[in-house]
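Student: Chain by chain, the residues run as shown.
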Amino acid sequence: MRRARQDLAALFGSIGRPAFATGMLWGCAALAYPLATKGGYAGTVGAAIVFSLATAFLAHVLGSGALAFVVDAKRTCLPGSKRLARRANLLASALLLPTLVLTVAALAGNPVWPVWVPPVLILATALAGRLALRRAAVAVGLLLLVVLTACWAASGGGHHMRGKEWCFALFAAAIVVLCAALPLLAAVKWRRVIGPGSIDEPRVLRHAPRMASSRHGSGKRQPPAQIVRACLGGVFVQLSQQLLIGSALLVLFVAAAIGLPWLGARGWLWVVSILGLAAAGVVSTAFLSQLSKLTREQIGEIALMPGLGPPAAQRRALYGAVLAPPLLWLGVVLLLGSADLLLKGESLSSIGLLAVCLFILWLTYTVYALQKLATLPPKRQSFISEFMLLCLVVYAAGNYYWLCAAHPQFLPRFWFWITPVLLSIGIGTAIGFSIHRLATAPHPFLARDPR
Amino acid sequence: MNAIVDAEMSSNYPLRCERITKRYAGEDVLRDVSLGVTPGSVLGLIGRNGAGKTTLIRTLLGLEQPDHGRAFVFGEPSLVLTDGAKQRIGYVPQQPDAFAWMRIGDMLEFVGRQYPHWDSEFVELSLARWHISPERRLESLSPGERQRVALIRGLAVNPDLLVLDEPASALDPVMRRDLLREIVARAAESGTTVLFSTHIVSDLERVASRVLFLHDHRIVVDATLDDLAETHARLTVPAGSPALSASQVPGEVSRRSQPDGSVTLVIARRCGAEWPEIVAAPGLRLDALNLEDLFIEVAR
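Residue numbers (this note's numbering), protein chains in the order written: chain A, 1 to 451; chain B, 452 to 751.
Note that these hints are calculated values from the structure, not bench results.
Quick reminder that beta carbons are idealized off the backbone N, C-alpha and C, glycines included.
Among the hints, a few may not be true.
[Claimed, not checked] Pair by pair, the computed Cβ-Cβ distance ranges are: (1) A/I431 with B/G487: 40 to 50 Å; (2) A/G320 with B/V635: 37 to 47 Å; (3) A/G320 with B/G723: 56 to 66 Å; (4) A/P223 with B/H568: 18 to 28 Å; (5) B/W581 with A/L327: 36 to 46 Å; (6) A/V254 with B/D518: 32 to 42 Å.
Working from the sequences, and respecting the hints, build out all of it.
Tutor: In structure tokens form, the structure reads like this:
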């Protein structure tokens, strides 16, 4: 028992954090569920989506806790670190058991199609959250399935498709296979961006006589932000990983555009916005997980790399390298989402709403990223940022649920206005605090953790 | 005026620190450490695991901020090094894992662009000599191979200051010998100042001109290798000897009780100075120490 407690403490820093987060999540879901039940089956599915997103958040917290522990274990280089890492992952997965129990119970209690759809959605979303850090493409696939299934079920697909379940099964299988195939793209030998502003330069370097015959270096320096990006590695520079994200987003939206009318789904704003948020979440997670993998040695090597200039220039380069790339991909999400909405005849204000939600998500990413940079090497998220993300997820999901899926009459004024104001204050404070911390350090690559 | 004197003093040393104290979670990791590394010297930093070697190196290079004290590299405060100073430093960390996503050749090409004195020929020769294909990805290398690549990278900079944090920990004996030969050659031919930490005493004896022994978070021995045998010795005091009543022997570095009740002390004196009077007391034995004996006596 004591050993299990120690493992849990090692995994989360303190038992209180996940316990509190779990309590909050289930509390919010419990609040949403009775409201949803008044909307009939569609409302139930809507509530399942709210519940699913909350579960995805919990799963993400568990997954990132496990990842942080794995990184810590790796850093210590002590014997048994692999065993500890395995145990951490096992624990994080085991904590998803309640979701599994819920699904099995639903299936056992009422196996009649399509009553068990919501619990299955929850299970799938939880798994997606757990996988998001390591298998972004699989997570995207699962989330896509959740959204599609929810839309289909909410729009009565369970009735008018009765007897044609195999169509949906085939469609779902195709998506899963496609998503599983996406990682194979990474195996393709894409050239990497290390040259100044050109992805072709490495090829040029390769075909040129290696290690030029002159004794000294070429002296062609890169811009500081590019040096920092190269040092950060992973999704920040590797075209294969970025293409993976791009392909996943494209598949997500194309599948929605083609698949949903076929399945008889309705409520486009709701569907596309949820898709947009899910996609943006995956993009942000991919970048954040790369930041989490940085080690003291890597950071030390960045700090001693010439060409970064004085500390102020180093900070600018770091901000540019870390904060700009996700913005580009969120722009892609906005573009695809807007196109989808316009094609389905939605108003421009709905595009504005999607843009605001994506911007808030980018700000959330900024909070997380800056916090990681301010505590290099990155540690687990602070409780406040976890709590903020929880509020954001519940708020965004709740908006769509109340606005489009179930009961506009329940939409309280404070939900629309007070919550965003409070969130903005929270996000602003967190960003300000992190920037202040980074700005007051002699240079931004100082290690701040004990060995 | 003081600032000018400080700057002049610092610029005479490629690496210098003054009274550095570093704490983690309230516990001292470095306690009041001061040192100056003279140009062209090979300084070996030795100590047990957790003694603070890596922290000292990182603090000297400005990768960590000390709680007290200052560090300088080529006369510049190490926390705000200019690009000019960084270009003169070659640094090989204990676990080199930066740029793991790159191929070796691309990484060396990329890094080489930042250094004006990058030696491409040396890179090419070293890769061939150590049988490392530039086409391989860094993440696919074994720890030993990765350390070799890091060494090539650190040496190709043609640094004025070469800092190696346990460079031989993952190397086989042949590679280790190659590395030590390279260090000696660099120091002798190019006047490179070298600071390297290690657990392996024989490595230190082979190349270091000066030894710094870090124990219990502070420097307990700072001497040239030649002077070490003359300035440090082991004093064995038998059980019950009145000499033991002395609270501390002059020049005492460490003290250890033996199972038979006797006590062994490591004592130090200045070069050319006499041993303290207590050494002449009846029953006491004074033995010369080599570096390994000294390490074991102090660190155990």
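Student: Run every hint past the structure and note whether it holds.
Tutor: Going through the hints against the structure:
no.	hint	result
1	A/I431 with B/G487: 40 to 50 Å	holds, 42 Å
2	A/G320 with B/V635: 37 to 47 Å	holds, 43 Å
3	A/G320 with B/G723: 56 to 66 Å	holds, 59 Å
4	A/P223 with B/H568: 18 to 28 Å	holds, 22 Å
5	B/W581 with A/L327: 36 to 46 Å	holds, 43 Å
6	A/V254 with B/D518: 32 to 42 Å	violated, 56 Å
Of the numbered hints stated above, the single one contradicted by the structure is hint 6.
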